Amino acid sequence: METPRIDIWYGIAEIMDFGYPQNLSPEILKLYITQEGVRSPFSSKPKDKPVPNATLQVTGAVGWRREGLAYKKNEVFLDIVESVNLLMSSKGNVLRCDVTGKVLMKCFLSGMPDLKLGLNDKIGLEKESEMKSRPAKSGKTIELDDVTFHQCVNLTRFNSEKTVSFVPPDGEFELMKYRITEGVNLPFRVLPTIKELGRTRMEVNVKVKSVFGAKMFALGVVVKIPVPKQTAKTNFQVTTGRAKYNPSIDCLVWKIRKFPGQTESTLSAEIELISTMGEKKSWTRPPIQMEFQVPMFTASGLRVRFLKVWEKSGYNTVEWVRYITKAGSYEIRC
Amino acid sequence: MAPPAASQRYPSPSQPSGKSEVSDLKTQLRQLAGSRAPGVDDSKRDLYKKVISYMTIGIDVSSVFGEMVMCSATSDIVLKKMCYLYVGNYAKGNPDLSLLTINFLQRDCKDEDPMIRGLALRSLCSLRVPNLVEYLVGPLGSGLKDNNSYVRTIAVTGVLKLYHISPSTCIDADFPPTLKSLMLHDSDAQVVANCLSALQEIWSIEASHSEEACREKESLLSKPVIYYFLNRIKDFNEWAQCLILELAVKYVPSDSNDIFDIMNLLEDRLQHANGAVVLATVKVFLQLTLSMTDVHQQVYERIKSPLLTLVSSGSPEQSYAILSHLHLLVVRAPFIFATDYKHFYCQYNEPSYVKKLKLEMLTAVANESNTYEIVTELCEYAANVDIAIARESIRAVGKIALQQYDVNAIVDRLLQFLEMEKDYVTAETLVLVKDLLRKYPQWSHDCISVVGGISSKNIQEPKGKAALIWMLGEYAQDMSDAPYILENLIENWEEEHSAEVRLHLLTAAMKCFFKRAPETQKALGTALAAGVADFHQDVHDRALFYYRVLQYDVHVAERVVSPPKQAVSVFADTQSSEIKDRIFDEFNSLSVIYQKPSYMFTDKEHRGPFEFSDELGNISITPEASSDIVPAQQYEANDKDLLLGIDEKDDNKGLSSNNGSAYSAPSLENSSNITSQMQELAISGPATSATTPQSSFGFDDLLGLGLSTAPAPTPSPPLLKLNPRAALDPGAFQQKWRQLPLSLTQECSVNPQGIAALTVPQSLIRHMQSHSIHCIASGGQSPNFKFFFFAQKESEPSNYLAECIINTSSAKAQIKVKADEQSTSQAFTTVFETALSKFGMP
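If you read the protein sequences in the order shown, they are chains H and C. Quick note on numbering: this note's numbering labels position 243 of the first sequence as 243, and the sequence is numbered without any gaps. Quick note on numbering: this note's numbering labels position 639 of the second sequence as 639, and the sequence is numbered without any gaps.
Derived from the structure by calculation, the hints contain no laboratory data.
Not everything, but these chain C residues come out facing chain H in the computed CB check (under 8 angstroms):
id	residue
1	K161
2	W239
3	A273
4	Q347
In this text the structure is predicted, and so the values were computed from the model without any measurement. All C-beta atoms, glycine included, are put in the ideal place defined by N, C-alpha and C.
Chain H extracted, bound-state conformation (with noise of 0.2 angstroms):
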């Protein structure tokens, strides 16, 4: 109860100062913190090994990681997670679609390496083959709209040669974020139909194809397919995973935990009404929703050319990269 207050204090104390935002560096911050927390209570001899100093780090050259790190293993595990933010209209017309998407980085690295990382971003890959004048490799490249890079990314380097180079911070961050609106492949395309039979019945239909290569799967698939608020009694077929009326969201819930690629499958359901007088039509269809994963997948189509590692000592890194799409608001009208 006692020690954690106080370091709270001095951590706010260290975050500002008389109003002036002074270190908002996590790691920096854990300097002061964690100091005086690991010095155990009973030794009161100095210690042999002076902690890394707190102070120098506060503002060194490279703000955002401390010196005298050292792995026995080093590592770097490099995620690529996008996420597909769709808008169908009822006809199956795209009427916007962009993939947002993140590079998030977990370093376990010693000393102060230096990184550098390629992309098959069309900026990149011209400034590249224009620099070591031969023709671009032939393969598909994408046009970023936009990125935003962590602080540690040097960006007139970026400007100039148009690669990632970077001092990592230690641990996991967000190297960078990025925003496509041309090229994305969707993973899934969702067909449905809606009759509305009289007064009191509905009939619902609707088939989810996936169009991502066969060897991949998606996971996690939910689609929600929304009903109106007076519906009495839903009654309902699926070919693949479970299905269910959830009253309290007016969607049929259909959850399927393993989707392969290239497949397709459909539910479909009668639902029955509460026959309401008076007010007629006062559904308004809010759209399908859906949520997935499809993991070494890219809507995108962006991939990691390469990641070097530089550091003076010359260690072995193993790198580690994944992709992974995921649903952002995927939205089809019906």
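Following the hints, put chain C in place on chain H, whose structure we already have.
Just chain C now, kept in the frame of chain H:
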């Protein structure tokens, strides 16, 4: 922290009641104070922890102050931290006791561990006891020279703390110059950033009474300093980057190369992950290029995609903030997002505040090329479950219809809304159809046929009902059953709760009567009778008025109530363009979110001296003319009444007695506003009056020359000679401007050379000065510039005041003249116009 007394009043059973525990602690601490036994630090820690935890739950432990200080002789950093915390908390309330802490804090300031030096220095500066400031100077001085950057950062903030406790001590110790050299030479970015914040604060406050501080403050905006910061911007953390970018906004670049240099330096900031840095950079770009139209357009193109990224990534709150900024930009340059309208499509799950802004964006970006898609999308939202959003989207469709030429399709859509048969949809749509008909009477046939089919019983909302009734009255001849519908409504007069609807009913019955008298006569009679008996004053008055005017003459009544109408070409904008410009100047601040300039939502006292510094950047006049402090305030004074429309503004000031009562309230507010301005003006007064007369020496002969070529005005008043050395202090000017009636308003055109030369407003001021007309205040941004001039008769102290608004896009100048002597104001205006017409001529 809770006041210590609180827990004494309400001792909770689970917590120690206070007194006895505290005295226990006191004895225990005293025992430990002198002890040097091993392990004593650990027992001290436990005791300190108790003291601190009592303190934080609100028990007054100030009585152990002495013991705490006695025990503070230790090398244990945790103990020290706790002790500093304790001391910092109780020093202010116990100034006498805090003297005891000075000694050990000063000693700690010389400790070999930089961490301890820093912490001790920070605690020392946080004591906030005025009579102890003399002890601060020494440690602060050495702290600023410390070889460890951590200590230096703390020392710099310490100087600022000292300044707030005792400004004179801080200035006497010569700290500001030390900070300045530290700012320009220190290797550590955080030290530099802290120096900048401290100096900005100190000099802004000092500037009000010290010429030197004023100069120093301006020197922060000098080219070398700005470039020094911009070149190093990468070293700083995000907060400090924003600080520097804010500074750069105020910088007045010397030429276009300067502007391009800065933009090149800052371009990569647009790729920064931090939204605040991006927005601050955008602001720099926009402000720098204000005077360069085509570059300004390119800037819009460049900033577009970073901003759109910020909208789509991140929390709804962030989207909202960025969207507000986009909305501001799109109003200024609608074309920029015309192809990106899809970014503003609403997602089903978004919070309504984001949706609402997106709807506004869609309305703003709509043009010929994308109207169809946008309106289709908006129609989808009209069926939304969220009624507020459904209403907004219908209004949005209407707004687009009112600003577009291709109304045909939209009218069809609107009429489809009426078929949805939902109360609120119908009501909103009716209001829109009414507005559309006022602008495009040619659509009346299509609309009327549908509107006529609507049963008034289905409309509950007053606004919708009023709109329907208006149409019934206006188009009575085209709707066969209009009189009968009205009759029905009039019969239910008693059940009609909204006065607005009843007023419309009266007018509609009148209009209907003029067109179809026999059918309406009875209904009109009922309506008038009911109206005269109405308890609502306005309804009563209108009914009585109609009744009497009908009695007087039916034809006159028709001319009054139902004259032939002209189609409305433009509906009034709710916000004046000047206010919008003000908001644009405050880009990247809450003003944009609130959609009003900061003076509308901040209290006077909180604006304080910082207002001055903000203004310097906005008015593109070189900083050496200290008179440009005035225009900022002049503007502020004017902005309030701009809401009334530009034309009323000055009449309001001068001739407020002539105006209807409706206007008297704002004019009062306005004058009180000016009085409060006066106090601020008094501060800047001496500097202003010192500079203006100086530069006008030796122009006497020029004046004669200028006048001799002037075409003599037809009534030929005596040739006016002006005093080239006239002086008027801003306070007196303000007062006169308020008191004197407006004697002349004139519009004249400005020659193209003059417009070109006006890119530097200073040049006009110099030019007019050469004609013995002195500028007291100026401001504005392209295309509108505003100047306040004054002049004096050569022989006698009779003053002429003039306000001159120049619009560079229309090349017109509007001049308003007020004079002590009304009879000579025409002569002065002639002189003024002649002088103005020569502006820009070689």
